[in-house]
Amino acid sequence: MMLSLVTAIGLLLLIAGISVHHLMESQLASRLAHDGESLLGGLSVRADGRVVLDPRRIQGIYLQPFSGHYFRIDVDGEVMRSRSLWDETLEVPDVPVGEIRISHVTGPEQQPLLLWSGTFLKHGRPVRLAVAEDLFDLQAGFRRLWWHLLGGSLALVLLVLLIQRFIVARSLRPVAEAVDDVARLEQGEATALREAVPQEVLPLVQAINSLLQRQQQRLLRSREAMGNMAHAIKTPLTLLQQITAEQARGSDDATRAQLEHYIHKINELIDTSLRRARIAGDSLGTSRFDLRNDLPVLVDTISRLHRDRRIAFEQHIEHADTLPMEQQDGMELLGNLLDNAWKWADSRVRLRVDGSTRPLLLVIEDDGAGVGDAQLQQLAQRGVRHDEDAEGHGIGLSIVKSLVEALGGTVEFGRSPQFGGLQVKVYCRWPEASSGISQ
Amino acid sequence: MRLLLAEDDQELGARLKRFLDRQGFAVDLYDNGVDASFYGAETPYDVIVLDLGLPRRSGLEVLDDWRRGDVKTPVLILTARDTWQEKVQGLQRGADDYLTKPFHEQELLARLQALIRRNTQTVGESLAVNGWVLDEETQSVSDGERNWPLTGIEFRLLRYFMLHPGHILSKSRLTEHVYEQDADKDSNVIEVYVNRLRQKLGNKVITTRRGQGYVFGARD
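Residue numbers (my numbering), protein chains in the order written: chain A, 1 to 439; chain B, 440 to 659.
Incorrect hints may have been included.
Facing chain A, a subset of chain B residues (Cβ under 10 Å, in silico) [what the hints assert, rightly or not]:
(1) L455
(2) E525
(3) F542
(4) T614
Partial pick of chain B residues on the chain A-facing surface, computed with a CB cut under 10 Å [what the hints assert, rightly or not]:
(5) D448
(6) F458
(7) D474
(8) F477
(9) A480
(10) L491
(11) A519
(12) D521
(13) T522
(14) K526
(15) V527
(16) D535
(17) T539
(18) H543
(19) A553
(20) G641
Label-pair restraints from in silico Cβ distances [as the list claims (entries may be wrong)]:
(21) A192/A with N471/B: 34 to 40 Å
(22) R352/A with N471/B: 44 to 50 Å
(23) D621/B with A374/A: 53 to 59 Å
(24) N471/B with Y427/A: 44 to 50 Å
(25) K425/A with D621/B: 55 to 61 Å
No lab work stands behind these hints, which were simulated from the structure alone. Glycine residues also receive a C-beta, built at the ideal position from the N, C-alpha and C atoms.
Kindly produce the complete structure, drawing on both the sequences and the hints.
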């Protein structure tokens with residue numbers, strides 16, 4: 001774009017320069033021809049046969065030394081020179097009679113001259129006549145003109161470029177906004193692109209939105225299906241469990257324990273796979289777990305479920321409005337963590353969220369009995385025991401562990417330095433922002 | 440204690456009803472959301488057990504119906520849906536407790552008793568009024584020295600009295616909370632059971648307010 005513009009303007013300048021140059025020289029040449037003809041007309045033959053020049057026909061400019069205007073007349077071996085030549089000579093080419101020649105020569109004081117010369121027959125005698133004019137002023141004027149043209153053209157190019165840039169930026173602004181929206185989508189700050197865009201971009205934005213909507217609906221449907229499946233399987237499982245418990249009295253204790261163990265195991269397996277299937281993970285267009293709206297509701301729910309326990313809950317949330325995970329994923333994670341803390345705490349539960357670092361850090365602590373070193377180690381390993389009789393924090397934390405791992409984060413179990421109970425640290429990965437578009 | 444049980448699985452429903460009957464509840468079982476919604480608003484239940492996956496009208500919608508209709512009966516959601524999202528939804532829409540399937544019957548019973556006590560603002564693990572202690576597990580009552588076993592109806596009646604000490608309870612109110620929907624509701628039967636309790640525990644334990652009803656633990 002820029003290159004073609006510069007080439008075009010350069011070519012224009014070149015053509016303009018050459019034409020102007022030609023025009024000026026031909027103008028000058030015609031003036032010289034006038035002067036020459038006037039001089040020729042001033043020649044007359046005296047009685048003694050000598051050819052003389054009528055001084056009245058000589059313009060003043062030819063009389064000033066080195067004025068830049070010169071002539072030379074050669075007739076019968078005699079040379080008549082303009083006074084302006086002073087003691088210099090003017091070299092004149094030999095031109096056959098009837099021809100006019102225009103040439104560039106160097107004159108006195110290194111002046112660049114345009115020379116008009118020709119040979120004429122006057123009173124039967126050949127007269128060689130040459131008139132010259134200094135080109136210096138003309139060339140200077142021409143150069144000045146050239147510079148003006150060049151400067152003007154450059155300014156024009158710059159102006160055109162600026163205007164073009166402005167127009168492009170203006171017409172692409174909606175596209176840039178859409179790109180920003182995509183970035184917000186990735187960060188989970190938006191669930192759809194805004195459709196307040198020009199006609200040209202609208203179909204694209206609508207296509208993306210309908211794609212997102214389909215994805216969201218698919219997630220919703222699959223979660224619903226999981227819920228229905230849980231319902232369908234768990235009701236007979238409940239019956240099985242209760243029939244087993246009822247049979248207990250009077251029957252074989254070992255068999256009953258075995259049956260109960262397997263019923264429990266089936267339940268665990270169903271829970272684990274359903275939970276895994278429900279994780280939304282990085283799905284685009286889903287809303288984030290909102291610490292300002294979702295957390296209070298969750299805490300309220302948990303404290304109501306454990307109404308008989310008097311727990312003082314503290315939360316310290318810094319540099320974070322949302323968790324880097326889908327809303328229901330966040331509900332599951334925090335729900336299990338807080339529920340577990342509530343169950344085992346003596347009187348205090350504390351949640352800290354620090355969003356100033358990547359990954360985001362989530363810390364849940366309680367002042368309960370905590371867990372022993374052996375169990376801490378067991379928690380840290382994969383495949384935590386799912387036994388019902390596993391002491392203390394078993395199952396809730398194994399859910400947390402698998403959930404965090406599925407979300408690409410890490411989890412650490414330890415002892416709370418301040419409260420003495422269990423401390424769970426969760427490092428939550430943020431989705432990678434695609435580089436280059438969110439500037 | 441009148442209890443509404445909304446459960447669509449026939450066998451689990453019947454089994455739960457039998458269990459809760461044995462525990463001294465007057466249980467009405469409905470297997471769909473529309474009936475549950477209607478009878479839950481119609482009858483002064485003491486506690487409700489609600490399954491979320493009901494046919495015709497979902498459990499959450501039924502819950503909305505009740506709470507909008509100013510039914511304040513405590514509701515325990517009993518469901519296979521065990522995500523925190525669903526628990527939050529259930530409790531925020533007015534449920535009081537949430538139990539997921541599979542569950543142990545004793546766990547359900549403990550939660551129901553806690554709900555009833557909370558609702559009648561009775562504190563403590565066991566029900567004790569004026570030196571009388573009701574043992575819900577053995578369905579018997581003691582004064583610290585002697586222990587009297589109670590029949591099913593006697594237990595239901597005494598528990599209702601003890602949950603509302605000092606209140607005047609009419610015969611029809613007692614009937615409503617002691618018998619299930621399709622039982623033979625002759626309010627004279629209440630008189631018979633009140634007299635039986637008096638025979639066991641002494642005449643003073645329940646006083647009669649003529650034309651109004653009965654009062655347990657009245658201070659005179």
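Checklist entry - Hints broken by the structure, by number, lowest first? => result 4, 7, 8, 9, 20
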